[in-house]
Amino acid sequence: MEAKENRERTDSLSESLKKPLPKILRAERRGRVLTYVSSWVLILILFSLIMFITSKGSSTFLDGEVQLANFFSTTWNPGEYQFGALSFILGSLIVSVCAALVSAPLGIGAAIFMTEIAPNWGRKILQPATEILVGIPSVVYGFIGLSVIVPFIRENVGGLGFGLLAGIIVLSIMILPTIVSVSVDTLQAVPNHIRQGSIALGATRWQTISRLLIRTSLPGLMTGVVLGMARAFGEALAVQMVIGNAPNLPFQLLEPMSTLTSVITLNMGNTVQGSAYQDVLWSMALVLLLMTLLFIVLIRWMTKRSDLSS
Amino acid sequence: MSEKIVVRDFNLYYGEKQALIDNNLIIERNKVTALIGPSGCGKSTFLRSINRMNDLIPGVRTSGTIEIDGQNIYGEEQDLVLLRKNVGMVFQQPNPFPLSIYDNIAYGPRIHGFNDKKKLDEIVETTLKQANLWEEVKDRLHTSALGLSGGQQQRLVIARVLAVQPDVILMDEPASALDPIATERLEELIDYLKKSYTIVIVTHNMQQAARVSDMTAFYLNGEIIEYTETNLLFTNPSDQRTEDYISGRFG
Ligand SMILES: Nc1ncnc2c1ncn2[C@@H]1O[C@H](COP(=O)(O)OP(=O)(O)OP(=O)(O)O)[C@@H](O)[C@H]1O
Ligand SMILES: [Mg+2]
Numbered sequence: 001m002e003a004k005e006n007r008e009r010t011d012s013l014s015e016s017l018k019k020p021l022p023k024i025l026r027a028e029r030r031g032r033v034l035t036y037v038s039s040w041v042l043i044l045i046l047f048s049l050i051m052f053i054t055s056k057g058s059s060t061f062l063d064g065e066v067q068l069a070n071f072f073s074t075t076w077n078p079g080e081y082q083f084g085a086l087s088f089i090l091g092s093l094i095v096s097v098c099a100a101l102v103s104a105p106l107g108i109g110a111a112i113f114m115t116e117i118a119p120n121w122g123r124k125i126l127q128p129a130t131e132i133l134v135g136i137p138s139v140v141y142g143f144i145g146l147s148v149i150v151p152f153i154r155e156n157v158g159g160l161g162f163g164l165l166a167g168i169i170v171l172s173i174m175i176l177p178t179i180v181s182v183s184v185d186t187l188q189a190v191p192n193h194i195r196q197g198s199i200a201l202g203a204t205r206w207q208t209i210s211r212l213l214i215r216t217s218l219p220g221l222m223t224g225v226v227l228g229m230a231r232a233f234g235e236a237l238a239v240q241m242v243i244g245n246a247p248n249l250p251f252q253l254l255e256p257m258s259t260l261t262s263v264i265t266l267n268m269g270n271t272v273q274g275s276a277y278q279d280v281l282w283s284m285a286l287v288l289l290l291m292t293l294l295f296i297v298l299i300r301w302m303t304k305r306s307d308l309s310s
Numbered sequence: 001m002s003e004k005i006v007v008r009d010f011n012l013y014y015g016e017k018q019a020l021i022d023n024n025l026i027i028e029r030n031k032v033t034a035l036i037g038p039s040g041c042g043k044s045t046f047l048r049s050i051n052r053m054n055d056l057i058p059g060v061r062t063s064g065t066i067e068i069d070g071q072n073i074y075g076e077e078q079d080l081v082l083l084r085k086n087v088g089m090v091f092q093q094p095n096p097f098p099l100s101i102y103d104n105i106a107y108g109p110r111i112h113g114f115n116d117k118k119k120l121d122e123i124v125e126t127t128l129k130q131a132n133l134w135e136e137v138k139d140r141l142h143t144s145a146l147g148l149s150g151g152q153q154q155r156l157v158i159a160r161v162l163a164v165q166p167d168v169i170l171m172d173e174p175a176s177a178l179d180p181i182a183t184e185r186l187e188e189l190i191d192y193l194k195k196s197y198t199i200v201i202v203t204h205n206m207q208q209a210a211r212v213s214d215m216t217a218f219y220l221n222g223e224i225i226e227y228t229e230t231n232l233l234f235t236n237p238s239d240q241r242t243e244d245y246i247s248g249r250f251g
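Top line first, the protein sequences correspond to chains Y and L. To convert, note that position 198 of the first sequence is 198 in this note's numbering; the numbers rise steadily by one, no gaps. To convert, note that position 209 of the second sequence is 209 in this note's numbering; the numbers rise steadily by one, no gaps.
One chain only, chain Y, in its complex shape (with noise of 0.2 angstroms):
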């Protein structure tokens, strides 16, 4: 009686695994359109956005408006015709780099100290400060800076404080976070059988560290370093609190300079549409669009490389 019933229900699953039931296809068929029309609408915004941004950056030059040998010039001077943004070119790549390249030993470090030397308490303390310093809102890392970086440099350092050196303290605070979180998650990827297997031949914890994790783990831990140079490349506000703002070029520590965001997002309001004025800011938004896309590029090029050797 009872093996009776169980066959029959056992009979009408086995029918059901057959062939789907039609609520299953619908909630399937319904899942895949709003993924599909919402991958779409992303597409489509970004294409746009690139594509104004293109346009209106390009037309400056292809109207005859302003030369190219003008924009990319050093001579900045708006109110005589003259555009050059080679000064704040250089000055975003200057600033972002240096920044880079004092947060990459420290942000790594940290990495290291939370991953392989104390990963108990050095995780209790440091994982919530990265959380805390992602979370500060830019205007505040600026505000920090401009009362008392800037200060700071102006008594102790020399200049008005404003300039080159206040921009990379600022941003090289701000971009920390990324490359420590970056590389945390890259040393813990690397599984703990290469560690124990490093110490088993007699490697000490740091010849382990400096000769295998480190190796095996650079292009994941580049790919940090870079995303916090695209962080710091198109940051706007912090920076330009801090760096004095003046069209010079990036060459002196003390001195006031200008980056590109720096420059688009003090003129921006002041400027008429249309003018020739204006369609230069464009100009400057289509370098730092392209500058950001090589990164992406870059950046997409050493995590490959890193899928490779693992």
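For the record, the hints were derived by calculation from the structure and aren't laboratory data. Note that this is a predicted model, so its numbers are computed, not measured. All residues carry an ideal CB built from backbone N, CA and C; glycine is no exception. Do not rely on the hints blindly, as some may be mistaken.
Heads up, simulated DSSO-like pairs for lysine-lysine below, C-alpha to C-alpha not over 30 angstroms straight-line [as the list claims (entries may be wrong)]: (1) L:K119 / Y:K124; (2) L:K119 / L:K129; (3) L:K118 / L:K138; (4) L:K118 / L:K17; (5) L:K138 / Y:K304; (6) L:K138 / L:K4.
Ranges of calculated distance between the beta carbons of each label pair, as one might list FRET restraints [stated by the list, open to error]: (7) L:D79 / Y:A118: 22 to 32 angstroms; (8) L:Q93 / Y:V157: 30 to 40 angstroms; (9) L:P58 / Y:S14: 49 to 59 angstroms; (10) L:G59 / Y:Q252: 48 to 58 angstroms; (11) Y:W301 / L:L82: 39 to 49 angstroms; (12) Y:V140 / L:K17: 44 to 54 angstroms; (13) L:R110 / Y:P78: 28 to 38 angstroms; (14) L:R110 / Y:V41: 52 to 62 angstroms; (15) Y:P137 / L:Y74: 50 to 60 angstroms; (16) L:E135 / Y:R305: 28 to 38 angstroms; (17) L:Q93 / Y:A118: 42 to 52 angstroms; (18) Y:F113 / L:G70: 56 to 66 angstroms; (19) Y:L44 / L:R110: 50 to 60 angstroms; (20) L:D79 / Y:N156: 24 to 34 angstroms.
For chain Y, the structure is supplied; the task is to place chain L with the ligands on it using the hints.
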């Protein structure tokens, strides 16, 4: 016949839990000693006690002594780097470093301060030959070791151990991730290596223990129940529990 490793009244605790109880054992030079016993009885723990890899686990305490060539490795003055150089270890899962085949072998000599390129080339070649892998990899020494098959990786790891010139090799179920053909090659290799090394091997495979080892120790719940010549242990065990285990009645 001479004593290589002498274990006396050795106990090991993971925190409160005692994993090894009063182990006494004499492991002979240039012999293969197999450790068998049901899962969780302490075989790996004992193996890791011989190169003090247990030191890496927080909360581990030991008492008693393990002497290698007459020197207590749990003594105050024991240099861990030297100990682990002399007592190589092959893990259950092949664990090549994500480096080239060459750099895997050269890693050990390099960390011990050996950097002469010519000498390293020589070490790479001889150890790969000893590990019976040279013919298969000699044309791809500078490609990633992760591209090798499981059996090749395990032989690479053995070559890596040989490169630091140990005199004891510990193997923890080295064949458990290998297919029968790779296992057979590994067993041949073990047989060849015992001419120059003292080998301690953990295995779950009775046939394997019977094939490769000279001496066998049967572990149960952290205790060594029986330790004798392999032939004797498998044909005429003196303890009922050993007999139950090898005849498959538990474990
Ligand atoms: N890191 C550790 N921390 C706490 N207890 C552990 C640890 N490693 C092993 N143990 C315990 O010690 C006992 C012996 O473990 P061990 O790994 O040595 O057994 P084994 O004989 O190698 O088993 P298997 O055949 O499954 O590998 C087990 O009860 C295990 O739970
Ligand atoms: Mg084990």
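Against the range 49 to 59 angstroms, how does the distance between the Cβ atoms of P58 (chain L) and S14 (chain Y) compare: consistent or not? Holds - the Cβ-Cβ distance for P58 (chain L) and S14 (chain Y), about 52 angstroms, lies within 49 to 59 angstroms.
Can the restraint linking K138 (chain L) and K4 (chain L) be considered satisfied, given a maximum Cα separation of 30 angstroms? violated (35 angstroms)
Has the hinted range 30 to 40 angstroms been met by the Cβ atoms of Q93 (chain L) and V157 (chain Y)? violated (55 angstroms)
Could you say whether the range 44 to 54 angstroms given as a hint is met by the Cβ separation of V140 (chain Y) and K17 (chain L)? With a Cβ separation near 50 angstroms, V140 (chain Y) and K17 (chain L) satisfy 44 to 54 angstroms, so the hint holds.
Using the beta carbons of E135 (chain L) and R305 (chain Y), state whether their distance is inside 28 to 38 angstroms or not. holds (30 angstroms)
Distance restraint between K119 (chain L) and K129 (chain L), which requires alpha-carbon spacing of 30 angstroms or less: Measuring from Cα to Cα gives roughly 15 angstroms; hence the hint holds.
Is the straight-line distance between the alpha-carbon of K138 (chain L) and that of K304 (chain Y) 30 angstroms or less? Judged against 30 angstroms, a Cα distance of about 27 angstroms means the pair holds.
Is the straight-line distance between the alpha-carbon of K118 (chain L) and that of K17 (chain L) 30 angstroms or less? Outside the cut-off at roughly 50 angstroms; violated.
Pair hint outcome, K118 (chain L) versus K138 (chain L) [Cα-Cα no greater than 30 angstroms]: Roughly 16 angstroms between the alpha carbons, so the hint for K118 (chain L) and K138 (chain L) holds.
Quick one: are W301 (chain Y) and L82 (chain L) within 39 to 49 angstroms, going by C-beta? Holds: the Cβ-Cβ distance is about 43 angstroms, inside 39 to 49 angstroms.
Consistency of beta-carbon spacing, G70 (chain L) to F113 (chain Y), with hint 56 to 66 angstroms: violated (40 angstroms)
Given a hint of 50 to 60 angstroms, does the C-beta separation of L44 (chain Y) and R110 (chain L) actually sit inside it? holds (54 angstroms)
In summary, the structure is inconsistent with hints 1, 4, 6, 8, 13, 17, 18 and 20 from the numbered list given earlier, while agreeing with the others.
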